[in-house]
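Listed in order, the protein sequences are those of chains A and B. Okay, so the first sequence: first residue is 1 according to this note's numbering, each after it adds one. Okay, so the second sequence: first residue is 1 according to this note's numbering, each after it adds one.
Just so you know, these hints were derived from the structure itself, not from any lab. Worth double-checking, as some hints may not be accurate.
Calculated from the model, a selection of chain B residues having no Cβ within reach of chain A, i.e. all distances over 12 Å [said to hold, decoys possible]:
1. 27
2. 58
3. 116
4. 177
Rough simulated footprint, nothing fancy, chain A against chain B, three-plus residues with beta-carbon under 8 Å [what the hints assert, rightly or not]:
5. 104 to 110
6. 146 to 152
All C-beta atoms, glycine included, are put in the ideal place defined by N, C-alpha and C.
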Amino acid sequence: MKRQWYKAMLTKGILIVLEHVLLAAVVVSCLWLSAYPVLWDEVIAGSMAREYEETARFRGDMMNISMEVLQGIRRSKTFETDGTYDPDKIIDIQRYQEGMEDFEGDFNGLAYRLGDLCEWGENWIKEGYDPYLKAKEIQDNIIVCKKSDDTYHYYYYSEFKKMIDGGELRFVIVTDDSGVSEDDILAELRDGSFENVADTPFKGLQDIEGKVVYIDCWSYDGSWIEEKYPPIGAGSIMQVANDNPVWNGRLNDIYDMLTNTLYALGNEILLYKHVDGSYQEGETNFAYLYADMQTGQVYTNRREFEDYSKLEENLEQFRKMGKYAIVRPELKGFESNIKDISAKEWRDEVRYGNGEIGKFVYVVGLDTEYPVKDVFYTEAHTYEKYMPAAYGMCALGILSAVLFVVILIWLTVVAGRSNLDEQLHLNWFDGWKTEPAAFIVIVLWAVPMVVLAIGNNDIRMVEADLSYYEASLIYRNLLRAVVINGSAAVYTCAMFLAGYLSLVRRIKAGTLWKNSILRSMISFMRMVSGSLHAVWRAVLVFGVFVAVHWFAVLRSGSSAAMLLMFAGEAVIFVYLIRLAVGRQRIDTGVEKIAGGEVDYKIPLYGMGEEQRSIAEKINSIGQGLDAALAESVKSERLKTDLITNVSHDIKTPLTSIINYVSLLKQEDFEDPKIRRYIEVLEEKSQRLKTLTEDVVEASKVSSGNITLEYMDINFVEMIQQTSGEFEEKFKAQELTEVMMLPEEDVIIHVDGRQLWRILANIYNNAAKYAMKRTRVYADLYTAEHSAVFSLKNISDQPLNIPAEELTERFIRGDISRGTEGSGLGLSIAKTLTEMQGGRFELYLDGDLFRVTITFPQKSL
Amino acid sequence: MSKILVCDDDREIVEAIDIYLTQEGYQVLKAYDGEEALKVLKTQKVDLLVIDVMMPKLDGIRATLKIREENNMPIIILSAKSEDADKILGLNVGADDYVTKPFNPLELVARVKSQLRRYTQLGSTADHTSQAVYEAGGLAINDDLKEVTVDGEPVRLTPIEYNILLLLMKNQGKVFSIDQIYENIWNEDAIGVDNTVAVHIRHIREKIEINPKEPRYLKVVWGVGYKVEKL
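Let the hints inform the model, and build the full structure from the sequences given.
Next up, the structure:
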């Protein structure tokens, strides 16, 4: 056999171990690469830059910083006066809010100091202030009072109450039977839920002199914020809303506007401060210059570039820096030495993103000598440090992944195969039902994974609580992460291979679907629906039974329900018992009929309708079988009778033939030819005689038309006797009989005369067909309560037909040979042996011919 | 000269038997059915009857029954019916022998001779002076003279054959196994006995039986042993 090493157990074992190592390698290398985002971006892009300044990340960082700075510059215009932060600027809220260019100054009575607004907004943002939330907490509700000239006055409740109490204001209430009182209105106003409806008795408020001041009042339900700083020229916002005709009645508008302004300014001031602080000269290697060509104003973080008149020389300075970019309103003015930079993106970002419309030049640059140890410096160094190893890691990852897939394919091909044979082998797990097996594998995998993930937030290679990225912090947890993730990968691989290879084997064996619960369910449903006419009764009975029980359970305690339940149980009990008894009866009946007792009748009393019908059918099958059997016995007997009668009719003329041939032989014929003819006649007539006798014999034996008289017989004696009878015949053929008989008696229970016929036929066969001058072996031995006799001889003629055919009637080793045999001997012997409970076997091997007969040995 | 009546509806068979028996010096009468045979018997004295079973008018069995009402001469039934039941029936209704067709004419002649000897010469009242004479039907063994006769005809046996036959004749009806015979005759323990005894028995049968395959005296009890039937 070929040594198919590629599917040997050992090979498979090695491959599986290798898979685990490879997957661990893939995971570790991926984690290592992805831990450092700069490197990861390069890996994703497909080509790794040699230096940090060439990376996509650098390009992005430069752009982001440049745009950030640009926004800072724009803020400077708002916040600065002559290049420095000016908190005393006055900001008009409405103008600022409406996005007007000119918002400095108090235009319509609602303005604040820039410093106040910035501080206010900054605090809001830092504290996460929610003005709407605060509005709900307001204790002192605001009341809106309407004058007859459609102007409004706002009061705080406390203030309003005081005026009512002091008599300065009084409710005008038209008395009627609705029972609305002053106190009710006050209480509702206090709770901020008062709203007047048209036809109430409350008709307004009057002052101390009885003059109606306000025709209506209600609770204010708009926005509100806690005032930290007062507006310029007023004590509070409410004062503005009460006194300033522009703002009268617009308290809600003011609050909304102010809220928006505070947020916007808060964010802007934070950004401004950040840019102003981060990109000071000496803090960074990053340099910028923004020159407004119309005003000649220059914004830069380098003192040396402040002079607008030296703009061209300054630009030249930037060009000498390691990396730079010059952006102008037109694309053609764009210059840069940053790799893969997109001019249009930068220009659009500057022009549209920041609303720079006029003529300008915006230059950024980075000193790649890194005199200042800033973020760029750290980044560049980190990149330089880890970049070379990334090649190795990449290679490791890719190679491992490829190898993993290759081996996986290999394992897929050889799954379930072995080098020992061509069979498909399924293990104990493959025998499980498909769904539970899949579920087990998934659970076994997922549970430890989830536990691991919960227990270790830091499966990434950065610090556990690190929510932001910083170059110097990467790879700090390398060893720990490698161990945790490596083990996770190994475990995942184990589970994956277990599940996957089992799946493959199942598919190969075709058991994936066959062995699934879903299929069982579907086939069950199909069975139910396919034979609905047969099962509807069972379903109905079960349904009623269940319904009765549920009813009883739901109505627990109700005795009627309980009684119903017990009645249901009793009915089902009787039904089940009857079913079981019926089934048992049918089973017995079928067994008896199958066992040959065809006239057996299944008793029908007490059976259900369904089972009764089955039993009746089985009974009629039995009847049919009985009739058929009787018919067949009869026909077999008729056949035997026919053969016997025919043989009688043949025998009579045959007698004459034999007699007259015999008479002819007595005549002294001189002519040798005549003598030869007579010999032929004699021989053939004798043959005809044997044949006739054998045919009758065979037909009798095969129809079972023979009576057996069983008795205890010594098989050894039997063989000796038989051997004695055949001694002469064997001698005539110069055959030597070699007997191997046991010393002790071998007792079997058979019909001695029939056994003689069997042995005589076997011996006769040997005498007739054995090759002359050979030995015939007669062996008798006992084995496991049986007596085995065998007679072996060497055939004279080649036996090129199957052994079974030799015992078929009229077939002989050589059909064309003319001897005295009828060819029925072995057939008769076989039938007789089997009739007596023995076994008759023929064995042919070349010219070796062996007959074996086995009888059960009678235990003494 | 004995008169033998041959009765068979097949004339050729009657003819053939006639030839054989005439050759042996018997006078042969012929009949072709049962009634005819009865008629012949009424008119003539017949020493032996050979009769077929299946015949028109009156079959052999019923004919035999009728004949036996008046006659006691030997009757040999000659029939194509070879079943044991047929033979038993034939012998029970009064036949002395049963020969199946097709038969060997010489065997028939031998049987005829045997039956006639028994009938005419030995009778049933043979007088024996010696105690050492054992008989079974036509088979007799005289141990004093060491002589074996079948129907009065002497038979030559070898000493071992003689001893075996003597043992069986002395114990008629008893079955001797090969081992028992061996131990009795050879006076040795029967260890590893092969077919020697069986061969001797066959030789004896060939000498004393008309048809050794259907022995009358020395019978094989298959798987048990041999015996001489008590007749």
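Hint check against the structure, violated hint numbers in rising order | Of the numbered hints, 4 and 6 do not hold.
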